[in-house]
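**Q** Listed here are the chains, written in short residue letters.
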Amino acid sequence: MFGKLTIEALPLYSAIAAGGAAVTVGGALLVAIVLTWLKAWKYLWTDWLTSVDHKRIGVMYIVLALIMLLRGFVDAIMMRAQQATALDAGGYLPPEHFDQIFSSHGTIMIFFMAMPFMTGLINLIMPLQIGTRDVAFPWLNAVSLWLSAAGAGLVMVSLVIGKFSTAGWTGYPPYSGIDYNPGVGVDYWIWAILISGVGSTMSGINFIVTILKRRAPGMTLMRMTPFTWTALCASVLMAFAFPAITVACGLLALDRLFGMHFFTNAHGGNMMNYANLFWIWGHPEVYILILPAFGIFSEVVATFSKKRLFGYESLVYATAAIAILSFTVWLHHFFTMGSSANVNAFFGVTTMVIAVPTGVKVFNWLLTMYRGRIDFHPSMMWSIGFMVTFVIGGMTGVLLAIPPADFLMHNTTFLVAHFHNMIIPGVLFGYLAGYMFWFPKAFGFELNRGWGLASFWCWLIGFYLAFMPLYLLGLKGMPRRMETYNDPTWQPYLMVAAAGAVVVLFGIASMVMQLYVSIRDRRLTADRTGDPFDGRTLEWSTSSPPPPYNFAVIPTVSDREPFLVAKKDGTAYQRPASYTPISIPSNTPAGVVLGIFAFVLGFAIIWHIWWLVAVSAIVMFTTVITRSSDDHAEFTLSAGEVKRIEDERFRELGRRA
Amino acid sequence: MERHGLATYLIGFVLAVVLTAIPFWLVATHALPPQRLLLVIGIAAVLQVLVHLRFFLHLNFTTTPKENLLALVFTALLIFIMVGGSFWIMFDLHQRMMS
Ligand code: HEM
Ligand SMILES: [Cu+2]
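Residue numbers (the working numbering), protein chains in the order written: chain R, 1 to 657; chain G, 1 to 99.
Chain R with its partners taken away, still in its complex shape:
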């Protein structure tokens, strides 16, 4: 009846594991209680969970990402605490548990923190920047969101029921195969990734079509904002790269479930092909994450330097070049797998080449700031911190691109330091800059600057403390993923790294404070114009938050920075002579239902509860068919209603002036 699921699956065997489970369940209960207390369930359901509005979907993605950031960070600080005290089998975590923690940390941070954060920001802002009313396929967008949430849910549930994978975020066979890993851990990992991966592929397709087909009249490709450009390139990468990991994980699942031999040595399988397939996705993935962050930095730097972006064309071409080149470097993740010198040399050279367009961008930002009137808004600080720190990470990356050097450094903490050096100041700082920059657009009031700056400094200093020692440790030969060690000279470095993680903890606490203080003072910082930072592009021409239809009249574009030009010409904020009715996609529970049953489906496969697999598959199939054949998936907002909303907006604008 319940497959492999028994009462043994509860983590009662260890106090720490039980504690983790208690926090997870307690957190979920707390949220439920608060929602009930606020009587917010109905509002949450009708206005958010069932919404197909790109802005709300974007916000929900970002909420998911921030929650998962907390979870991923708890994992991180637990590892730092373990390694700081783990000399000669010290520490407080058993090896099995430590392995689960680095696996879930990596998996969560990449798939369920960074990916949703990025998808959320693109959802929230890109349609506004290209002057359209929604993405091309609003319902599909909701499905993508709920599939991502389903995957995240599976990772969270593994804390309470059963265990998570111990095979790292990469899940290499044969260790992740059924012979060495008969438990459910690897299955949790596989299905979390497969389910959310489908969501990401569809998001990619959705964004590509939106950007190519739904731009406002006059917005040629070379008039798109840098963020839209990077979103487009990242989406192309998503659509083409994600199938590779879907195949890799799918074949691994077949090996595990049905005794097949794609990645075992028996019957002609080849485990190295897993590494190959995984990284065909894995390298483009890092550019999927970083390109939109580059886009955000470009917007932020131009806005807060009060200058046009320097060398827009070169930035666009650099982005496109990176996108294509990112498909030609994947072998640098397994230089040591045994390829011949020619193969390694080829991929080493392509890896070094890809640093060139990235370097071009750094000069774009620097020269944009040059002689600008810089406003040191927190978003700008994230950008400056990024430029300085990212260059260091880039250089260690070029170092690792040299195969003979990589043979020494691979699998050490040098590598761990390198990729955190790219992904924290690059990806995460970028998204946080975007979060603080566009927050008023989404909610109609600004985030507190003081706490934003505090958060930035804690993150920056914490980052240096936590990861610079790892470079040194790597050079001294410390392998990654170590639960214990017996070299006493490593310990001081690991203690500094732990201190760094504590400083980052203050950074995260500052972000929570910032949110609290900003919500408390929201009337003081209300954004009545929709344009708090003297913005340059179309998203700032709407109210904050924008109306459901974004633009009452679709704008016509004749410049790269249309809103700035309109403000200069005095043509901004013009009232049209009359309004026309606007049709808007209706909300639907189909997306949430699909997400819930995708979660159930994954859970049922993990625990071999086959009848439940069948039931959830049937429900999902029926939901898709029902919603797809619904001919009334839209409703019309009458011209009068539009006029009422717009009149309200112009009254607000007038009140300010």
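One thing to keep in mind: the hints can contain errors.
Result set (SDA-like, lysine to any residue): computed pairs, CA atoms no more than 20 angstroms apart in a straight line [what the hints assert, rightly or not]:
#1 R:K213 x R:R560
#2 R:K213 x G:P65
#3 R:K213 x G:F80
#4 R:K306 x R:R371
#5 R:K567 x R:R655
#6 R:K213 x G:N68
#7 R:K213 x G:L70
#8 R:K213 x G:F74
#9 G:K66 x R:I208
#10 R:K213 x G:T64
#11 G:K66 x R:R371
#12 R:K213 x G:L57
#13 G:K66 x R:L212
#14 R:K213 x G:T75
#15 R:K476 x R:N486
#16 G:K66 x R:T220
Distance ranges between label pairs, derived from CB positions [to be verified]:
#17 G:F87 x R:L10: 43 to 49 angstroms
#18 G:N60 x R:R481: 51 to 57 angstroms
#19 R:A509 x G:V27: 58 to 64 angstroms
#20 G:V46 x R:Y92: 51 to 57 angstroms
#21 R:S340 x G:I79: 20 to 26 angstroms
#22 R:F621 x G:N60: 28 to 34 angstroms
#23 R:M260 x G:V46: 19 to 25 angstroms
#24 G:N60 x R:N342: 26 to 32 angstroms
#25 R:P95 x G:Y9: 23 to 29 angstroms
Some chain R residues close to chain G (C-beta under 10 angstroms, calculated; not the full set) [what the hints assert, rightly or not]:
#26 V236
#27 L277
#28 I324
#29 F327
#30 W330
#31 L331
#32 F334
#33 T336
#34 M337
#35 G338
#36 S340
#37 V343
To be clear, the hints were calculated from the coordinates, so they are not data collected in a lab.
If you're wondering where the values come from, they're calculated on a predicted model, not measured in any experiment.
Where a beta carbon is used, it is the ideal one built from N, C-alpha and C, also for glycine.
Place chain G with the ligands on chain R using the hints.
**A** Quick look at chain G with the ligands alone, frame taken from chain R:
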């Protein structure tokens, strides 16, 4: 939107089934030595892709807009990089493992 008759879909369907059946049959009956078997499966797979493009997505060189063909060329390039690269990497490894 132009209409496509049932016939096109049926032809496509039959071709797709045949191109699927051949590899399965060859594998099940061990009719060919492994090397040649792989080659035939590969060819059948490529033909399968072309059948889908032609009969289900209705792509051709006369009515399909230029940008769609351009997107297809881009796709082909990426597939070439991924599949070609994988072959290169895996056969290189194979050689180093075996000999
Ligand atoms: C907030 C500060 C962070 C700290 C203190 C931290 C700490 C750590 C530690 C201690 C490890 C294990 C290193 C080892 O194997 O020896 C690790 C691994 C990893 N981290 Fe982080 N991390 C942080 C943020 C992030 C972020 C933001 C991401 C990605 C978006 C990330 C992605 C990863 C990945 C992919 C791994 C590899 C996991 C594996 O070995 O399978 N981390 N991190
Ligand atoms: Cu890479």
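**Q** A range of 51 to 57 angstroms was offered for this pair. Does it hold for the Cβ distance of G:N60 and R:R481?
**A** holds (53 angstroms)
**Q** Given the hint of 23 to 29 angstroms, check if R:P95 and G:Y9 actually sit that far apart at their C-beta atoms.
**A** violated (57 angstroms)
**Q** Is the straight-line distance between the alpha-carbon of R:K213 and that of G:F80 20 angstroms or less?
**A** Given pair R:K213, G:F80 is violated - Cα atoms ~27 angstroms apart, limit 20 angstroms.
**Q** Could you grab the alpha-carbon distance between R:K213 and G:F74 and see if it respects the 20 angstroms cut-off?
**A** Answer holds: R:K213 to G:F74 is near 18 angstroms, not above 20 angstroms.
**Q** Regarding the hint that R:F334 lies at the interface with chain G, is the smallest CB-CB distance below 10 angstroms?
**A** Because about 9 angstroms separates R:F334 from the closest Cβ in chain G, which is inside the 10 angstroms limit, the hint holds.
**Q** Hint validation: R:V343 versus chain G, beta carbon distance must be below 10 angstroms. Holds or violated?
**A** holds (5 angstroms)
**Q** Taking only the CA atoms, is the gap from R:K213 to G:T64 under or equal to 20 angstroms?
**A** holds (17 angstroms)
**Q** Could one say that the CB atoms of R:A509 and G:V27 fall in the range 58 to 64 angstroms?
**A** holds (59 angstroms)
**Q** Would the hint on R:F327 be counted as holding, given a Cβ-Cβ threshold of 10 angstroms to chain G?
**A** holds (5 angstroms)
**Q** Between R:K213 and R:R560, is the straight-line Cα distance small enough, at 20 angstroms or below?
**A** At roughly 18 angstroms apart (the allowed maximum being 20 angstroms), R:R560 and R:K213 satisfy the hint.
**Q** Taking 20 angstroms as the top limit, are the C-alpha atoms of G:K66 and R:L212 close enough?
**A** Distance ~14 angstroms between G:K66 and R:L212 Cα, so the pair holds.
**Q** Given the hint that R:K213 pairs with G:T75, test it: the Cα-Cα distance must not exceed 20 angstroms.
**A** holds (19 angstroms)
Of the hints listed earlier, those the structure fails to meet are numbers 3, 11, 24, 25 and 33, in rising order.
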